[in-house]
Structures are given as structure tokens and as C-alpha cells.
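Student: Quick note: the sequence shown, position 172, residue 172 per this note's numbering, numbers continuous.
One or more hints might be untrue.
Said to hold, decoys possible - Using 25 Å as the maximum straight-line C-alpha spacing, the simulated DSS-like pairs for lysine-lysine come out as follows:
1. Lys228 <-> Lys153
2. Lys297 <-> Lys374
3. Lys44 <-> Lys232
4. Lys680 <-> Lys278
5. Lys731 <-> Lys412
6. Lys731 <-> Lys702
7. Lys374 <-> Lys170
8. Lys44 <-> Lys170
9. Lys278 <-> Lys150
10. Lys456 <-> Lys496
11. Lys358 <-> Lys228
12. Lys228 <-> Lys121
13. Lys226 <-> Lys121
14. Lys379 <-> Lys358
15. Lys412 <-> Lys728
16. Lys228 <-> Lys238
17. Lys238 <-> Lys44
18. Lys238 <-> Lys150
19. Lys264 <-> Lys197
20. Lys702 <-> Lys680
21. Lys702 <-> Lys645
22. Lys358 <-> Lys374
23. Lys197 <-> Lys44
24. Lys150 <-> Lys264
The hints are simulated quantities; they were obtained by calculation from the structure and are not laboratory data.
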Amino acid sequence: MKKRILSWILLLCMALTLVPAASAADIVTELTISGIPVPRGGDKADSSIELFLNHGRLTSYQWYTSDMTPMSSSDVFTAGKLYRLVLTVSPDAGTAWGVDFSMSALTQEENSEFNLTLISKNGAAMTNFTTVVNPQNLKVTVGVVSEEAKETKDSVEIVPTAPYLPEAGKTPNTEDYRISNGTGAWTCRWHDNTAGKDMGASETFEAGHAYSAYFYISPDPAWEWKEKSDGKADVSVKFITDENTGAFLTDSTPSLSYEIDGTKLALGFEFDCPVAVKTVSDIEITPKGIWYPSVGKNPTGEDDFTADRDCVVDSVVWRDEKVNSYLTASGTFEGGRRYELSISLLPPKGYDWDDPSKLNILLVDGEGGGWSAKSFSFKDTADGRLLTAVWSFEPAEEWEELPQTVVLSGVKQPAAGQALPFDGIAVNAGEIIEITWTDITTGNWYNMTETAAGVKAQEGHEYTLAVQIKPPAGNAWPYRTDENHNQWLTVPVQIKTADGSEIAETSAFVSGWAPGTQIEVLRIVVKFAKKETANPVSIEFADVGAGAWYYDWVCQAVELGLINGKGKNAYGKDYFDPDGSITLAEAVKLAACMHQLYYDGKVTLKNGDPWYASYAEYAEWTAGILVSWSGPGFSSQSVMENPNKIISRAEFAWIFSRALPAEALPVVNNIWDNSVPDVKMEGTRYYDGIYTLYRAGILNGKDERGTYYPGANIQRSEVAAIVVRMMKSDKRVGPPAKLGQ
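Start from the sequences and build out the full structure, keeping to the hints where you can.
Tutor: So, in C-alpha cells, the structure goes:
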């Protein structure tokens, strides 16, 4: 008996020698094992498993039936049956599991010193398990019920529905994608690879950085992603970059990684945010001499043209459109043909071409005018992106210079009761091929072929004159194309009247073909000033003197019934407060009244409760002046919440530009984008409204250069002038004298 006791003591000492006590700092008292597989009916027990442990390492695993009979690699799981998975886990080097090594067969509830958490591959917590543990070895037996086999999906497509590529200064697109294949919920996040951090929704891309877009896609509950034998996803992935061409990114272009993450498919795509490139958009090409095609003359070449902005003329090609052949240097132009001119340009070093919609390539004529290119094409070369601009011309029998100014003479204003005046109208260049009078009041129009009918002008009606002019033989009218694709003549136009009529507006644009030809004609439209039939109303405001610049404007605004005074001053006199500001509520009332006056011929709107409520409601729900969504501008709600807000000149322009329809604000001034000194497309919130009013002759700035001061408050005297110009087209003004200088 003593020998047996000594033997046990010896064995105990050996155990203590083989398992040295770990220090308190090396004791591990909690362990989480995730990724425990849940087999499907029909799966074999030979599948390898991949677990994720926050401590230690998996040293072995074995599947058993419910009665603990070991399963071989050829055994098959049956759906709905209980199986047991035995895992053996060793601690990390230098650590030990935090339990008394002599304890055994412990359940999680019985063991107060050790916390074990098990998570299935589907993300569910598992509670049916037992443990046998000592400081250097942990054996876990997990009960797992086999599931019914689900249909697997082996492909997925991601289709962006909005711009997604990284662009400096823009926020990441995490929502605008269409995921195919009947997937469930999905999320997207962007990661800045260069900075090594995830991006927030309000963060912006930085030029030169590399980014990854990660998608986490859950399957529909009825199926699951197809897996390979090693537990990785066996899924074909396409990121569609162009639905029209079918172009897509795969796991090689750019790099793509994916794996099963719980019930989600995790995908990653890499993109670069390009460094901003300086661009050029407005280019003038100047001929060195006579270049226009003339019958019997040789075509010009690249040495006969120069381009500004340090652009390089790479090549010049002439093509006979009739026979679709290119002219050689020794070839000659023939009469009755039309020739296409293609000039290829390289941008300055370090620059690229702007977006095609912003390009304007002008072939100048030496007289201050020119021809805008009809179309563009691009080609990447070793020297840069080559731009080819195309024009089309008919050769002249003899070259004839265009005049420096087109003069239309003999123009008369229609007189009530007399025939519309077609006779006596002449032009100093080209040939008049059509004259048309339009009755603005009725909308009827009359051309030269109807003069015999003796159409007479009606009392009180307003008329416009349109004259179509064919250019001199073999020539073409020079024009510049604006953002609305209007082709404005670049040669000045002068109107000479035969009866002293006052001209209110003149526009000249190139539009349409001369009958039976491919020659574009010039169309000059003349609108006469409306003849005053009565003296304007006189006013007696104590602070509006007859010599003030705004006196007539205030008189006419009051006559229209749209503006009145501010009441009585301290001396009992009516006053207007011409230098005073205007509130948001007052501006909305004016806009609503102008809209109703334009459409109904009178204003019947009345004050509400509060007084501005009725005007705000009409402006949003009837006139569409105000908006009901967030963004630049105002809604009726913003008026109700802040009626006394003093509005800026930019905000006022936005409201008034929406008070009348487009046909009531036609373009009468050729105002180019970004030509107003302090109103630029990228920096002014109400850009469109301001330029609409400049182009319609409502605004022309506060100095000769057209400076607008969009952030300043607008004065009541200025509002009076604008109201009159809005409602009386004959009072509209021309462009600033030194715009763009």
C-alpha cells in the first residue's frame, strides 16, 4: 500500500515537472471559436474545415455520429440528424488555459473559470457542447444537426446605376448599384488603400490615391453561395462597367478577392483616383493666308494654319464629299462640290482636351468672325490625345470677302391699317431669299409670297421681322455655337430703318439650308420698340426724384400694379425706400403676381394669413416657381419659416428667372458661359438663373464689364427696373459693353 501511494506521488511530481505553472499574465480565461460548419444532407464527412480562433490553434478534428461512432471520409450526412464534431485546441506558446488541470468533463455552465463561445459558420451562437480541459489541451464536443441541402448559386453581377469611379473631391458611391441573381441584403464600403483607412460617407476622394470598393452580399434565404471543398467561394463575379458594350471587371482586372464571410459573399475591387489634368476648351485656328476653297485652286495644308494656346496643328485634310475621296497637295477644287476640312490638333504639353460638350474650335476669318467646327473625334497617340475638328465648305467661283458688318436697310415698322412692308428691304452682303412678318399678338406669320393678299397690320398688335440671307457665292456665314446649340453670327449686324422706327431687339443666327443647296443661311430677326399709347403714370414718392436713374422704372412698375410704396414717413409723406433691401416673402409675392399677370392678364391674388402664405402656396403649387424638394432655391416651407430673410442678388435672380416661361424670356444677348466676371459655373449656386436673365436682357450688371455682385443685397430701385423688363420685352437691355474684357 505504501508503494502504491509513493508511485502516485512520483507521477504527480512528474506531471508538475512536465506542465510548468504559467504566470498570471499568461493565463487565458476566454476563447471564441467561429466558423463551425453545419453540414448539409448529402455532404461527405471528408470536407476540410477552417475555423477562426481568437486564442490558440486547432490541432485536430473528427466527425462522429450521435452515439459517438467515428465517421470515415466516405460517410454521408443525413439531413435532420444529430452529429458531433470533436475539436482539439492547444493554447498559444507561453500561455495556458485558465482552469485547474485536475478538473475534467466540464460543461460551460459548470466551469466558472473559463468562458468558451462557439459561433457557427452561419453566424449563430452554439450552446450544445461539452469540454474536457487542462492547461495545455482543450477538447470540445459540439452537437450539430445537419441541415437540408439548399440550392447553390455560382455567379453574381454588380451593375452601377450612377457614376462610381473615384474622382477627386467627390464622395464615394455606396448605394447606386444593382446586384443580380436574386441576392438578399448587401452593403458597400470604400477603403482608401493609400491612407490605409475606411472612408466615411462624407469623405472625398483624393487625387493620386488608390481605393478599393468592397461589397458584402447575402444570399436569398432559399439558397446559398456555392463553395469549393476548402470552404472558399466558388462564384463567378462580374462588375459591369458598360452595359452597352458588355464590358466588365473580373477577378483579374482589376484585382478581385472573395470568400464566404458568414452568409455573405465578400468582394473587393481596386480603382485609382486620377490626378486632375489641366484642360483646354476654346481654341482659335488662324489661316496664314487665303485658305477658303476656290475653284481651280490647290488645297491648303498644315503649314497654312496656326492654333493659339500653344496647340500644335498636326495635319490638315480635305475630302471631296461627293465622291468621298481625299485631295492631294496637287489636286484642285471643283465647282458644284462640297468639301470637308479636317484639322487635327495636339494639346499643349501637360494638357488634355476638355469634355466634347465644352469644346469650341473656331476657324477665324481674319475679320473678327469665324466658323465653329461641326464635329470632333479623338485618337490617343504617343504625343498626346489627337483632336480632329471638322468643317464643311463649298468652293467659291471667286473668293469674296465678307463685309466687316452686315447692314440690313430699308426696314419699316408696320403701320395699323396698312399692308405689311416687304418692299425696300436690302442687305449689303449675300442675297435675301425670304422675308417673314410675325404677328406676336396672334401668332400668325406672313412671308413674301403672300404680299399680293394685301395683309394689313392690326391696331395694337406687335410684329417682328425675320430676313433670311444666302451668303455670297461660295462663301459661308461665320458663327459660334452656344451651349443650347444656337449658331450665333460672329459678324456685327446693323439695322437701318426707312421711317425712323426704334428697334428693341436684334438677333442674328445661322440656321437651315438655302432651298436646293447645302448652304446655311443667315436669319436676322428684328423686333420693334412698342409704341407708347399713353403717358406713364406719375408718382409722388418723397424719396424718388424725377432726376433719379430709377424714376421711370418706378413709375412703370407702379403702373403695372406690381410695386407700391412703403407707406408714410415721419412727415406723413409717401415714400418708396429705393435703397432698401427686399425680403424673401416680398420677392416671392412679386414673382407670383408677375406669373399670374402674364397668364391671366390681371392679378387677383390676395393676402393670406400670414399675408405671404397665399403667395408662397401659389408660387410652389400653381406656378412652379418654388420647389418642394431639397437643393438650391426655396420652397414654400422655407418662405413660411423665414419670410423676413433679406435675399441676395443671386437668390433674387433664381426666383425671378422661374417667374415666367422660357418663351417669355428668349435669348436676345449672346452671353457665353463664365463670361460674367464674378459669376462662374463652378462657384455660384444660382448660376443658371443669373445667366438666364442676362441672356434675356433683364440683367446686364453694375458696370461695363457686367459684374453682378451675386452675394450683395438687391435694392428696391433695382427691383423696379427688373420687374418692368420682365413684363415689357421692349424695355429689355443689351449685353454689357465690355463683357469678357
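Student: Which of the stated hints cannot be reconciled with the structure, identified by number in ascending sequence?
Tutor: Checked against the structure, the hints that fail are numbers 7, 8, 9, 11, 17, 23, while the rest are satisfied.
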